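**Student:** Residue numbers (the numbering used here), protein chains in the order written: chain P, 1 to 229; chain F, 230 to 647.
If you're looking for bench data, these hints aren't it; they were derived computationally from the structure. Keep in mind it's a predicted model, so treat the numbers as computed, not measured. Just so it is clear, CB atoms sit at the ideal spot from N, CA and C, and this is done for glycine as well. Some hints here could point you the wrong way.
[Stated by the list, open to error] Quick list of in silico lysine-lysine cross-link-like pairs, BS3-like style, CA-CA up to 25 Å:
1) P:Lys-204 x P:Lys-168
2) F:Lys-613 x F:Lys-262
3) F:Lys-326 x F:Lys-312
4) P:Lys-52 x F:Lys-613
5) P:Lys-67 x P:Lys-52
6) F:Lys-326 x F:Lys-262
7) F:Lys-262 x P:Lys-67
8) P:Lys-89 x F:Lys-625
9) F:Lys-296 x P:Lys-60
10) P:Lys-157 x P:Lys-87
11) F:Lys-316 x P:Lys-60
12) F:Lys-296 x F:Lys-312
13) F:Lys-419 x F:Lys-613
14) P:Lys-67 x F:Lys-625
15) F:Lys-419 x P:Lys-60
16) F:Lys-296 x P:Lys-93
17) P:Lys-93 x F:Lys-625
18) F:Lys-326 x P:Lys-52
19) P:Lys-122 x P:Lys-60
20) F:Lys-326 x P:Lys-87
[Said to hold, decoys possible] Which chain P residues face chain F? A few, computed with CB under 7 Å, are given here:
21) Met-63
22) Phe-69
23) Gly-71
24) Ala-95
25) Gln-127
[As the list claims (entries may be wrong)] Each pair of labels, with its calculated beta carbon distance range:
26) P:Ala-193 x F:Leu-250: 24 to 32 Å
27) P:Val-68 x F:Leu-569: 18 to 26 Å
28) F:Leu-569 x P:Lys-67: 39 to 47 Å
29) F:Leu-250 x P:Lys-60: 53 to 61 Å
30) F:Lys-316 x P:Lys-157: 43 to 51 Å
31) F:Asn-308 x P:Val-160: 30 to 38 Å
32) P:Leu-62 x F:Thr-365: 37 to 45 Å
33) P:Leu-53 x F:Phe-479: 36 to 44 Å
34) P:Val-68 x F:Gly-520: 30 to 38 Å
35) F:Thr-320 x P:Asp-90: 22 to 30 Å
36) P:Thr-209 x F:Arg-297: 46 to 54 Å
37) F:Leu-250 x P:Gly-114: 24 to 32 Å
38) P:Lys-157 x F:Arg-297: 32 to 40 Å
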Amino acid sequence: MSDETSTGLGRNVGFRQIIDGHVMPQPAYQGEFTEGEIVKYYNPEEMTLAEKLYFPEVLKGLMVTAKVFWGNMARWAVWFTYWIRGKGKDAPKGAVTIYYPEEERPDYSPINRGKHILTMRKSGDPQCVACYMCATACPAFCIHIVAGEHDDPNIEKYPVRFDIEIDKCVFCGYCEEACPVDAIRLTPEPRMADYQRERMLYDKDYLLTWNPTYVEDEHVYPGGAPRDD
Amino acid sequence: MDVAFIVVAFMNLAFVLGLLLNLGGLLTWVERKQGAVMANRIGANRAYIPLPVGRDPNGAGGFKWTKRFTLMGLFHAINDGVKMLTKENFTPPFVDKAVYNLAVWFSAVPVLVTFAVIPFGGPFQPGVMMADIFGTVGLTGVATTLHDFFGDGVYHMQLANLNVGLLFVFAIGSTGIFSAALGGWASNNKFSLMGALRSSSQMISYEVFMGMAILGLLVIYGTVDMNEIAQMQGESWALGPLSIPKWGVFLQPHMFFIFMTALMAENKRVPFDMPEAESELVAGYFTEYTGMKMGLFMMTEFLEVAVIAGIVTTLFFGAYHIPGVVAATDYWYWAQHPDLMPTNAIFGMAVPHALIIVARVGAFLLKVVFFCWLQILIRWTLPKFRYDQVMRLGWKYMLPISIVNLIVTAGVVLALGG
């Protein structure tokens with residue numbers, strides 16, 4: 001054991017030391033290893049005879065992949081017994097990947113940042129007051145607003161045009177955070193791919209498709225309420 | 230040479246060509262799917278044939294062509310063929326046209342020809358076999374006619390019963406070098422030329438070890454005739470209650486690894502894909518080929534997988550033999566037991582001749598499919614070698630081991646009195 005061991009990730013901990021003394025540098029997360037403990041380096045630089053012979057290691061590797069293969073084939077066989085009864089959709093498969101777009105991942109977060117929407121007032125007008133906060137905050141410069149004067153003197157401005165180039169968007173959510181009136185939101189909806197670039201320019205009419213429904217009995221809007229003002 | 234002989238020859242030809250070409254096509258699918266399953270993926274499944282079932286998703290009445298019949302992605306093999314055939318067949322203006330086109334043939338033909346000497350079912354009596362099959366179904370008229378036509382003659386399930394068998398395999402197999410060398414040279418492209426250089430040295434090197442590795446086994450067998458090699462593996466040692474078949478893999482297990490390695494290096498697939506080396510040489514020696522010409526180079530690799538499986542099965546894994554199964558046509562077996570009557574038997578139980586032959590062809594196919602699977606497993610498991618590593622592995626390890634093995638085997642065989 002050398003004194004350098006206890007210096008943490010300081011100046012004395014270098015490559016040579018790790019190789020020579022099999023000393024692991026003190027990790028940044030203290031407590032996992034006791035101070036100055038000598039840890040055997042987990043990737044010894046000397047190969048054993050079996051490793052030098054190469055063929056045993058090759059066979060070991062082949063065993064690993066073959067095990068994965070037959071394990072997955074067994075899982076597919078079980079899946080097939082479900083599929084033949086018409087229950088293939090819910091049965092566990094022999095793969096971790098899914099058939100997009102026929103299948104959808106069930107584990108999308110409800111706060112996933114996906115497709116944008118513009119919220120509405122109860123009158124159907126956009127909530128947006130065309131303050132340009134979102135366009136300014138946008139790091140991808142994908143929001144383009146043309147402001148116009150609103151008839152209602154309390155509202156002052158409204159967006160004549162509100163365009164989002166969704167193919168440029170990086171889904172950082174800054175627009176959502178910058179908005180002072182909760183006019184722009186990112187829904188969890190992940191599907192925005194398209195074959196035509198023209199269709200990836202979302203205009204105001206498209207963004208205003210969000211229409212919250214009011215459940216009378218429970219007095220709530222599932223998915224969020226429009227603002228009163 | 231009678232008519233029945235020609236008919237049997239054409240039956241064999243149809244079987245071998247059907248087996249090889251279908252297996253070659255199927256292997257493109259197996260390669261994708263097996264690689265996917267090994268990596269927890271689903272694999273190619275997008276090529277489909279639309280079927281007129283299923284409702285219109287938009288709610289309109291009537292049936293639409295919405296059902297996608299994918300058949301586990303099997304149509305990708307057909308799709309590949311259609312794509313290759315319908316693509317522009319472009320010949321670059323700077324190539325040597327004659328040699329450029331010749332190289333394609335040197336690629337595909339030797340591989341197909343090699344399979345000619347591989348026995349895939351042992352000797353059989355087509356007359357008796359047909360009579361068995363059609364007699365069981367109830368068509369006694371057909372059974373009698375076929376039995377009269379073929380008689381009781383014994384034929385080999387092998388395209389060419391050559392007494393130079395294995396030498397023919399090596400001789401024809403080595404002409405495969407021409408495809409890479411000529412193709413790379415005629416393409417007049419630096420990547421192609423480098424691929425050709427690499428493939429020439431790699432294939433010539435590994436041909437040496439391939440021959441050397443198998444010599445020990447040939448000393449034991451005492452023949453190069455593939456048919457006789459296959460017949461000898463039908464015997465077995467009795468070790469107490471155990472009966473170990475005299476398969477090549479039990480005689481020389483270490484040489485199986487070396488022979489298999491050499492064959493895989495000959496095939497130029499990962500981990501021995503120096504000549505193609507997508508990451509370095511674009512596509513190596515066939516960089517300048519388009520359409521079906523390139524398709525033939527690709528197809529050759531898959532055909533070669535099947536042929537390698539066939540060679541390994543014949544030399545090391547008892548060819549078509551199933552332990553405990555003996556046919557009335559196994560003349561070498563009955564010559565050793567002159568006191569027994571030749572019968573078709575599975576573990577001493579008498580069964581129809583047709584059943585034995587079908588089981589043997591099935592066993593051969595099963596072994597071939599297993600070794601195809603193994604090669605694809607290796608292809609998706611091992612990382613690519615560096616060029617000097619390939620050469621070092623061959624010349625410094627495999628060649629000495631093969632030579633030592635040959636000397637030791639020859640000494641032991643000599644000591645045991647042949």
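**Student:** Hint by hint, say whether it matches the structure.
**Tutor:** Checked hints:
1. P:Lys-204 x P:Lys-168: Measuring from Cα to Cα gives roughly 17 Å; hence the hint holds.
2. F:Lys-613 x F:Lys-262: holds, 20 Å
3. F:Lys-326 x F:Lys-312: holds, 23 Å
4. P:Lys-52 x F:Lys-613: holds, 17 Å
5. P:Lys-67 x P:Lys-52: Satisfied, since the Cα-Cα distance of roughly 24 Å is no more than 25 Å.
6. F:Lys-326 x F:Lys-262: violated, 37 Å
7. F:Lys-262 x P:Lys-67: Judged against 25 Å, a Cα distance of about 16 Å means the pair holds.
8. P:Lys-89 x F:Lys-625: Measuring from Cα to Cα gives roughly 54 Å; hence the hint is violated.
9. F:Lys-296 x P:Lys-60: Roughly 43 Å separates the two Cα atoms, so the pair is violated.
10. P:Lys-157 x P:Lys-87: violated, 54 Å
11. F:Lys-316 x P:Lys-60: Measuring from Cα to Cα gives roughly 42 Å; hence the hint is violated.
12. F:Lys-296 x F:Lys-312: holds, 23 Å
13. F:Lys-419 x F:Lys-613: Holds, because 22 Å separates the two Cα atoms, which is no more than 25 Å.
14. P:Lys-67 x F:Lys-625: Outside the cut-off at roughly 32 Å; violated.
15. F:Lys-419 x P:Lys-60: violated, 38 Å
16. F:Lys-296 x P:Lys-93: Judged against 25 Å, a Cα distance of about 21 Å means the pair holds.
17. P:Lys-93 x F:Lys-625: violated, 46 Å
18. F:Lys-326 x P:Lys-52: violated, 47 Å
19. P:Lys-122 x P:Lys-60: violated, 67 Å
20. F:Lys-326 x P:Lys-87: Cα-Cα ~57 Å, so violated.
21. Met-63: Constraint on Met-63 (chain P) not satisfied, violated at 10 Å.
22. Phe-69: Since the shortest Cβ distance to chain F is 5 Å, the answer is holds.
23. Gly-71: violated, 9 Å
24. Ala-95: Since the shortest Cβ distance to chain F is 5 Å, the answer is holds.
25. Gln-127: violated, 32 Å
26. P:Ala-193 x F:Leu-250: 24 to 32 Å: Violated, at about 39 Å.
27. P:Val-68 x F:Leu-569: 18 to 26 Å: This hint is violated: roughly 48 Å between Cβ atoms.
28. F:Leu-569 x P:Lys-67: 39 to 47 Å: holds, 45 Å
29. F:Leu-250 x P:Lys-60: 53 to 61 Å: violated, 36 Å
30. F:Lys-316 x P:Lys-157: 43 to 51 Å: Because 57 Å falls outside the window, the suggested range is violated.
31. F:Asn-308 x P:Val-160: 30 to 38 Å: violated, 50 Å
32. P:Leu-62 x F:Thr-365: 37 to 45 Å: Given range 37 to 45 Å: holds, Cβ gap about 43 Å.
33. P:Leu-53 x F:Phe-479: 36 to 44 Å: At roughly 22 Å between Cβ atoms, Phe-479 (chain F) and Leu-53 (chain P) fall outside 36 to 44 Å, so the hint is violated.
34. P:Val-68 x F:Gly-520: 30 to 38 Å: For Gly-520 (chain F) against Val-68 (chain P), whose Cβ atoms are near 36 Å apart, the range 30 to 38 Å holds.
35. F:Thr-320 x P:Asp-90: 22 to 30 Å: violated, 54 Å
36. P:Thr-209 x F:Arg-297: 46 to 54 Å: The hint (46 to 54 Å, Cβ to Cβ) is violated, given that Thr-209 (chain P) and Arg-297 (chain F) are roughly 30 Å apart.
37. F:Leu-250 x P:Gly-114: 24 to 32 Å: Violated, at about 48 Å.
38. P:Lys-157 x F:Arg-297: 32 to 40 Å: About 50 Å separates the Cβ atoms of Lys-157 (chain P) and Arg-297 (chain F), which means 32 to 40 Å is violated.
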